[in-house]
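Chemist: In the working numbering, the protein residues as written are 1 to 237.
Since the hints were made in silico from the structure, they are not lab data. Be a bit skeptical, because a hint or two may be false.
Unchecked claim - Have a look at the derived ranges for each label pair, beta carbon to beta carbon: (1) 137 to 163: 32 to 42 Å; (2) 60 to 205: 19 to 29 Å; (3) 154 to 30: 20 to 30 Å; (4) 204 to 126: 26 to 36 Å.
Unchecked claim - Simulated pairs of lysine to any residue, SDA-like, Cα-Cα distance not exceeding 25 Å: (5) 34 to 158; (6) 60 to 71; (7) 74 to 50; (8) 74 to 141; (9) 34 to 186; (10) 105 to 147; (11) 74 to 86; (12) 229 to 109; (13) 103 to 179; (14) 105 to 118; (15) 206 to 139; (16) 206 to 50; (17) 32 to 18; (18) 109 to 35; (19) 34 to 181; (20) 32 to 90; (21) 34 to 109; (22) 60 to 38; (23) 206 to 11; (24) 34 to 137; (25) 229 to 45; (26) 103 to 166; (27) 229 to 165; (28) 74 to 32; (29) 74 to 9; (30) 30 to 93; (31) 74 to 133; (32) 206 to 137; (33) 229 to 96; (34) 162 to 150; (35) 32 to 104; (36) 30 to 168; (37) 34 to 45; (38) 105 to 154; (39) 206 to 87.
Predicted model, so just to flag it, every value in this text is computed and none were measured. For each residue, glycine too, the CB sits at the ideal point set by N, CA and C.
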Amino acid sequence: MLDFLTSYFNFIVYGFEILAAIAGLYFLNKTKNKSTRIFVFYLLYVVFVEFVAVCLIFFKSTLLVSYLISLGIKSTSWFNLFWLYGSILFVLFYYHSLLTNTKFKLVLKIMAILFSVVMLSHFIVFPNVFLTEHPPLYQISGLIITLICVALYFIEFLNDEKVLMIFQTFSFYATLGLFVWWLIITPVIFYDNYNTIADWDFANLKRRIFLFANIFMYTCFTVGFIITKPKSNNEII
Numbered sequence: 001m002l003d004f005l006t007s008y009f010n011f012i013v014y015g016f017e018i019l020a021a022i023a024g025l026y027f028l029n030k031t032k033n034k035s036t037r038i039f040v041f042y043l044l045y046v047v048f049v050e051f052v053a054v055c056l057i058f059f060k061s062t063l064l065v066s067y068l069i070s071l072g073i074k075s076t077s078w079f080n081l082f083w084l085y086g087s088i089l090f091v092l093f094y095y096h097s098l099l100t101n102t103k104f105k106l107v108l109k110i111m112a113i114l115f116s117v118v119m120l121s122h123f124i125v126f127p128n129v130f131l132t133e134h135p136p137l138y139q140i141s142g143l144i145i146t147l148i149c150v151a152l153y154f155i156e157f158l159n160d161e162k163v164l165m166i167f168q169t170f171s172f173y174a175t176l177g178l179f180v181w182w183l184i185i186t187p188v189i190f191y192d193n194y195n196t197i198a199d200w201d202f203a204n205l206k207r208r209i210f211l212f213a214n215i216f217m218y219t220c221f222t223v224g225f226i227i228t229k230p231k232s233n234n235e236i237i
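Taking the hints into account, I'd like the entire structure generated from these sequences.
Modeler: Set out below in structure tokens:
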């Protein structure tokens, strides 16, 4: 069973991503909640990024993909730009729309600017690293930003009169999934040098960690959409 999961972990993860996106699309027209709608678009963005990455990895011989590769667009640089950078900006945008405290919103804006400056500076100074590796700097930055977003979210929610309804809010399940994913994945990145064909034990272990972390995260999103399904368009989730 583990061997099967390890061998096909990419496609299993894609399946859970698509499932979460479909669940989000189903409930998109059932809510007018701005932050939840933004998160649905975030999931669609993730599916798009993963789809292009799959094409860059598994369909290199096709005309369009080979042309993109000739332009220097490869799976590593694609993930660095649109996942490690783009998805974090999406998360910041989501929490900015979710929070109501003006000071917290300002903190998120400052983090978005600083993160963009760090990413751009790193690309200018180390362009080859950006194009060929997934630097721990990006992962650590993503973890720190996610932790701050989670902290601000719970601080505001615990001071809100709706705190007793936390399990009925989609934002709780979204936050839980994102927080646990980054908490599990980030430490693995420090041992990325061992992720080679010379050490298949670590490579397979890393795949399994990524697999179960992704399954947990996207299951949280899917369950969140189902549990917090609004009874009317005016119900806030």
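Chemist: Decide, hint by hint, whether the structure agrees.
Modeler: Right, here's what the structure says about each hint:
1. 137 to 163: 32 to 42 Å: Since the Cβ atoms of residue 137 and residue 163 sit about 36 Å apart, the hinted range of 32 to 42 Å holds.
2. 60 to 205: 19 to 29 Å: holds (27 Å)
3. 154 to 30: 20 to 30 Å: Roughly 26 Å apart at Cβ, these two residues keep to the hinted range, so it holds.
4. 204 to 126: 26 to 36 Å: Between residue 204 and residue 126, where Cβ atoms are some 30 Å apart, the hint holds.
5. 34 to 158: holds (21 Å)
6. 60 to 71: holds (13 Å)
7. 74 to 50: holds (13 Å)
8. 74 to 141: Within the cut-off at roughly 22 Å; holds.
9. 34 to 186: Not satisfied, since the Cα-Cα distance of roughly 30 Å exceeds 25 Å.
10. 105 to 147: holds (15 Å)
11. 74 to 86: holds (16 Å)
12. 229 to 109: Roughly 30 Å between the alpha carbons, so the hint for residue 229 and residue 109 is violated.
13. 103 to 179: holds (22 Å)
14. 105 to 118: holds (20 Å)
15. 206 to 139: holds (15 Å)
16. 206 to 50: holds (18 Å)
17. 32 to 18: It holds: about 22 Å lies between the C-alpha atoms, which stays within 25 Å.
18. 109 to 35: holds (16 Å)
19. 34 to 181: holds (24 Å)
20. 32 to 90: Holds: residue 32 and residue 90 sit about 19 Å apart, inside 25 Å.
21. 34 to 109: Holds, because 18 Å separates the two Cα atoms, which is no more than 25 Å.
22. 60 to 38: Given pair residue 60, residue 38 is violated - Cα atoms ~32 Å apart, limit 25 Å.
23. 206 to 11: holds (16 Å)
24. 34 to 137: violated (31 Å)
25. 229 to 45: This hinted pair holds, its Cα atoms lying about 22 Å apart.
26. 103 to 166: holds (22 Å)
27. 229 to 165: holds (14 Å)
28. 74 to 32: violated (38 Å)
29. 74 to 9: holds (20 Å)
30. 30 to 93: holds (21 Å)
31. 74 to 133: holds (11 Å)
32. 206 to 137: Distance of about 19 Å is within 25 Å: holds.
33. 229 to 96: Answer holds: residue 229 to residue 96 is near 22 Å, not above 25 Å.
34. 162 to 150: It holds: about 17 Å lies between the C-alpha atoms, which stays within 25 Å.
35. 32 to 104: Judged against 25 Å, a Cα distance of about 23 Å means the pair holds.
36. 30 to 168: Roughly 15 Å separates the two Cα atoms, so the pair holds.
37. 34 to 45: Cα-Cα ~17 Å, so holds.
38. 105 to 154: Holds, at about 14 Å.
39. 206 to 87: Holds - the C-alpha atoms of residue 87 and residue 206 are around 21 Å apart, at most 25 Å.
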